[in-house]
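Novice: Using the hints provided, position chain P relative to the given structure of chain F.
Protein chains: 2
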Amino acid sequence: MKPQVLSKMGRRTTEPPISWLMHAALSRPKLISLAAGFTDNTALPVAEARTALNQVLRSPKTGQPALQYGITAGDLALRKLTAAHLRKLDFQAVVSSSFSSSSLVLELKSRTRTRTKDEDEKIYSPERLLITSGSQQLLYLTAEALCNEGDSVLVEDPTYFVFLGILQSRGLRARAVRLERDGLDLAHLERVLQSLKRSGELRRVKLFYLVSYFQNPTGVTTSFGKKCGLLKLLKKFERAAGHPIYLLEDAAYRGLRFAGNDVPSALAVPGAAERVIYAGTFSKPFATGVRVGYGILPKPLFTAMKHIKGNHDFGTSNLLQHLVARALASGIYGRHVARLQKRYAQKARVMKLAIKKHFPSAVEWWEPEGGLYFWARLPRGLATGMKSKVFSTALKNDVLYVPGELCYADDPARRKPNHEMRISFGSASEKDIREGIKRLGNVLRKLLK
Amino acid sequence: MKPQVLSKMGRRTTEPPISWLMHAALSRPKLISLAAGFTDNTALPVAEARTALNQVLRSPKTGQPALQYGITAGDLALRKLTAAHLRKLDFQAVVSSSFSSSSLVLELKSRTRTRTKDEDEKIYSPERLLITSGSQQLLYLTAEALCNEGDSVLVEDPTYFVFLGILQSRGLRARAVRLERDGLDLAHLERVLQSLKRSGELRRVKLFYLVSYFQNPTGVTTSFGKKCGLLKLLKKFERAAGHPIYLLEDAAYRGLRFAGNDVPSALAVPGAAERVIYAGTFSKPFATGVRVGYGILPKPLFTAMKHIKGNHDFGTSNLLQHLVARALASGIYGRHVARLQKRYAQKARVMKLAIKKHFPSAVEWWEPEGGLYFWARLPRGLATGMKSKVFSTALKNDVLYVPGELCYADDPARRKPNHEMRISFGSASEKDIREGIKRLGNVLRKLLK
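From first to last, the protein sequence lines are chains F and P. If you count the first sequence from 1, position 189 lands on 201 in this note's numbering, and the numbers rise without skipping. If you count the second sequence from 1, position 71 lands on 83 in this note's numbering, and the numbers rise without skipping.
Please note that the accuracy of each hint is not assured.
[As the list claims (entries may be wrong)] Straight-line alpha carbon distances no greater than 20 Å define the calculated SDA-like cross-link-like pairs of lysine to any residue that follow:
1) P:K311 x F:T26
2) P:K311 x F:P28
3) F:K73 x P:L38
4) P:K311 x F:P15
5) F:K20 x P:F314
6) P:K73 x F:P256
7) P:K20 x F:D163
8) F:K20 x P:R185
9) F:K461 x F:A374
10) F:K73 x P:F50
11) F:K73 x P:R62
12) F:K209 x P:R62
[Unchecked claim] Going by beta-carbon spacing under 10 Å, a handful of chain P positions derived as facing chain F:
13) P57
14) A316
15) D325
16) G327
Because the hints were derived from the structure by calculation, they are not lab data. Ideal Cβ placement from N, Cα and C applies to all residues, glycine included.
This is chain F alone, in the form it adopts within the complex (with noise of 0.2 Å):
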C-alpha cells in the first residue's frame, strides 16, 4: 500500500522485478545466478583504473580539476575523446562492414563512406554531447525531455525491462513492435504506426527506443539496413503525428562485441543524424562502478536535456570523467576492452557448449555475438515467469534466470509470451556456467516430458 501523500510517481514507481530475483539469490548460498547483468568481477580492471587515478591525481594539470565541480555538459576534454572515440567505431563500422546488399543499403553504404569531414564533424560533435551517470541516465532524461504522462513510447517486443520501469513510473504507455533474429519487424512496425495514426494516437508518439547491440534481453543484434528502415519508417509518420519521431538507439553492450563485424550505429545513416539519439557508455566496457555514460544529442535536446541533468546533479563527477578520459587516451581502455572481449567470446562459449550439452532439442535458443546474454525459447504451455513450475524447480535445484515476460511491455494489442528465459553469462564464473546450465537443463527435460 501507498501512502496517499505520495506524487503520482511516487505512486507508480515500483520495485524492480529484478530485485526480488537478487533477495533470492542471498537467501541461497549455493544458487548459480545467471539472472544478473553484471559484468564479470574478476575481469574488472582493478589495477588499471589505479594507474589511470594516479596519473590524474598526480598531475597538477588535473588533480585539482578533477576534484572541482564541473560544467553540467561534462568535461570537454571528455567529450572530444568519446567523440573521436565514437565516428572512429562508425567509420570502421561502415568500411568493413558486411551488411546486406541490397541496393537501398549499398547506395547508403556508399554515401556514408564519401560523407565529408566537415558532414561528420557536425554529427560527432561534442557540442552535442552531453556526459551523463551510465547511459541510464540518458535514457531517463530522454524521457523527461521528450514525454509528458499519458504519451506512448514504441519499443521492441521484448525489451530492456528497467526501461519499461521509467516508462510505468512516469506514466507512458508502451506499444511494442515484434523482434526477428537480425533486429526489428518493419512491416509490423509499420502496422502499428499505421494504426496508432488511425486511432490519432500518433500525436503523443515522439520516441522509439531500440536496443541496438546485443539486446537486453535477447542479445539480437539490429543490422545496419534495419536501422535505415527504421528511420525512413519514423520519418514517414512525423507529418501525421505533428512533430519529429526520434529514436533512441541504446548501444550499452556495443563494445562488448566477441564475434562478427561492428554495425554502424544510426547516427551513420545518411541524413538521419538529426532524429537519432545515440546513448553509449563506458561502465559496461570499463568498470560498472564507474557510472560514465553519455548521449549524442540532437541540438533542441541536447539544451533540454543538459538544463535538466543542472537540477538532477549540476554533472557528473569530475573524478569519474577524468578517470575515463584518462583510460581512454593512454590506451588503457582500448586494451582493457579486448581482453574482455576475449573473456567473454570464451564464456559464451562455454554457455553455448553447456546448452547443446544439456537442453532439450524442443528449447529454441539463440547465441549472442557480443553483449552477456542468451535467450531460450520453451514450447508454448510452458511458462518460465516467477510463479511458474519451471522457475520454482529451478530455483529449488539452485539455478536463476530472469523470466521472459519480465521483458514485455504492458500492451493491450497481444498477449504477453511467458514461456522464455534470459540467461546471462556475465558474472558467474566458467565452472559455474557449466554447472549452472546442467541443472537448468535438467529441469527442463524433466518438465518436458
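Specialist: For chain P alone, coordinates are given in the frame of chain F:
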C-alpha cells in the same frame, strides 16, 4: 523558442541564471568572481584522495567491489559510517549547544539528551539512508516522489536558486516565507499556512524546503528553537492538509562551520524524525568533484525514492562511495574538514575586513558562521539585478556577484526584493577577495552618491 516536440518539462526547464554569470566570467580574464559557489581549488584534498583511492583499489576486499555495480540505496558500509557520523554530529550539537533557553527549548533539549539508544538507532539508521549523487540529487528525488505538477512548496525567502529551478521545471509553485537573522519568521509562516488553508491550497502542500546551515544565499543559520517551532507548525496544519507536511532540511553547508557551535539537525527534534527529510553531502566539505550526498528519509519516502533513483542510475558510483567510506573510516575526512574550516575562517575574515573598509555604511551586510557566503543589502532603490547600474558598473570594473533577486521565488504575495547581493569567498584567493571587495565598494560608493 522551444521546440514543440519537447515535453512540458522540457519546455519549462530554462538555462540557470548563474550560467550567464559564468559565461561573463570566462569572457573577462581579469574579472574577479565573487559569484561562484565553487569551493577553494587550492584546498582540495588531492593527495588525500589519491591515498584513499590507492587503499581502496589495492585491497582485495574493496578493489573489485569498488568497480562493480552496487545496490541502489548505496554501499552498506558507507551508509553505516554516514549514519554514525550524523548521529555523532547531532549528539555533540545537542550536548554542547548554547541555544536559546526558552522553556520549550530547554524541555526539548532535555528530552533529546535522554533519548534512548534504541530511539536514536531508529532515527539515524542506515536502513533509511539513501546515498545520492550529491545532495542535489536528493532534492530532485524528493520533488519527484512527493509533488505533482501544480503543487506548492514552501521555501525560505530568499532561497537556493537551483531548487527554485527544480520547482519551475516540474511545474511546482513556491510560497515564500520570510527569513530573519536567526532563521525563519515563524509568525509569517503561520500566516502563510493559514492563508493556504483558507484558499484550499494547503492540500497541495507537502513540503517545506529549508537550507538550515549558512544558507545559500544569505549565510543565515536556523536556530534549533526555530526548527522546533517550524516542525510544530507544520504538524498543526497536517489535518487541514489531509497528509503529512515534510520538512526537507538541506544541510549542504553544515560541515563548513568555522565559528560558533553546531546546531542540531531537525532529526534531533524529539518526536519529529518521521517528518524530516535530511539532505547531507560529502561533496562540499571533501571534494565537489566527488559527487556523494545522502538523505535520511521517512520509511515510505525511502522506498519510493530508492525505486525512482533505480530508474535514474541504479545507484551512485561505487568507486566514489568507496572513496568516501575510506576517507571517513581512516580519519582523512575528519582531518581535511578541520583544515578546511580554518581556511574558510581565514578567508571569511579577510572578506569581512575588506567589507568594513570599503563598503559604504548605508550597505547592510550579514556575516556567516560558516559556508561560503556573505549577504549584502543596499538601500532600497539601488537595484542589483543583471540589468542594473550596479551590476553593469561592477562588471565594467571586473568584479562579479550574484544578484539577490535570482534567489527569490516568483510569489505573487510580495514584490521581489531587488537590492541585495550574494558575495562568496569560496573560490577566490585572499588577494582577490581584498581586491574584489575594494572594487565592489568603489562601485557602491560611487553609485550611492
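Novice: Look at each hint and say if it fits the structure.
Specialist: Now the hints, each set against the structure:
With a C-alpha separation of about 15 Å, the suggested pairing of K311 (chain P) with T26 (chain F) holds against the 20 Å cut-off. Proposed proximity of K311 (chain P) and P28 (chain F) is supported: the alpha carbons are some 18 Å apart, at most 20 Å. Among the hinted pairs, K73 (chain F) with L38 (chain P) is consistent with the structure: their alpha-carbon atoms are about 19 Å apart, no more than 20 Å. Restraint check for K311 (chain P) and P15 (chain F): the C-alpha separation of about 10 Å stays at or below 20 Å, so the hint holds.
Between K20 (chain F) and F314 (chain P) the CA atoms are separated by roughly 16 Å; this keeps the pair inside 20 Å, and the hint holds. Of the pairs offered as hints, the one joining K73 (chain P) and P256 (chain F) is violated, with about 50 Å between alpha carbons and a cut-off of 20 Å exceeded. Taken as a hint, the K20 (chain P) and D163 (chain F) pair is honoured in the structure, with Cα atoms around 12 Å apart against an allowance of 20 Å. The suggested pairing of K20 (chain F) with R185 (chain P) holds, with an alpha-carbon distance near 17 Å, which does not exceed 20 Å.
Taking the CA atoms of K461 (chain F) and A374 (chain F), the gap is near 11 Å; set against the 20 Å cutoff, the hint holds. About 18 Å separates the Cα atoms of K73 (chain F) and F50 (chain P), which keeps this hinted pair within 20 Å; it holds. In summary, the hint linking K73 (chain F) to R62 (chain P) is supported, as the alpha carbons are separated by about 15 Å, within the 20 Å threshold. Straight-line distance between C-alpha atoms of K209 (chain F) and R62 (chain P) comes to about 58 Å, which puts the hinted pair past the 20 Å bound.
Against a cut-off of 10 Å between C-beta atoms, the interface hint on P57 (chain P) holds, since the closest Cβ of chain F lies about 7 Å away. Hint status for A316 (chain P): holds, given a least beta-carbon distance of 4 Å to chain F, under 10 Å. Among the interface hints, the one on D325 (chain P) holds; its C-beta lies about 5 Å from the nearest C-beta in chain F, closer than the 10 Å criterion. A cut of 10 Å between beta carbons decides the hint on G327 (chain P): the least distance to chain F is about 8 Å, and the hint holds.
When each numbered hint is compared with the structure, violations occur for hints 6, 12.
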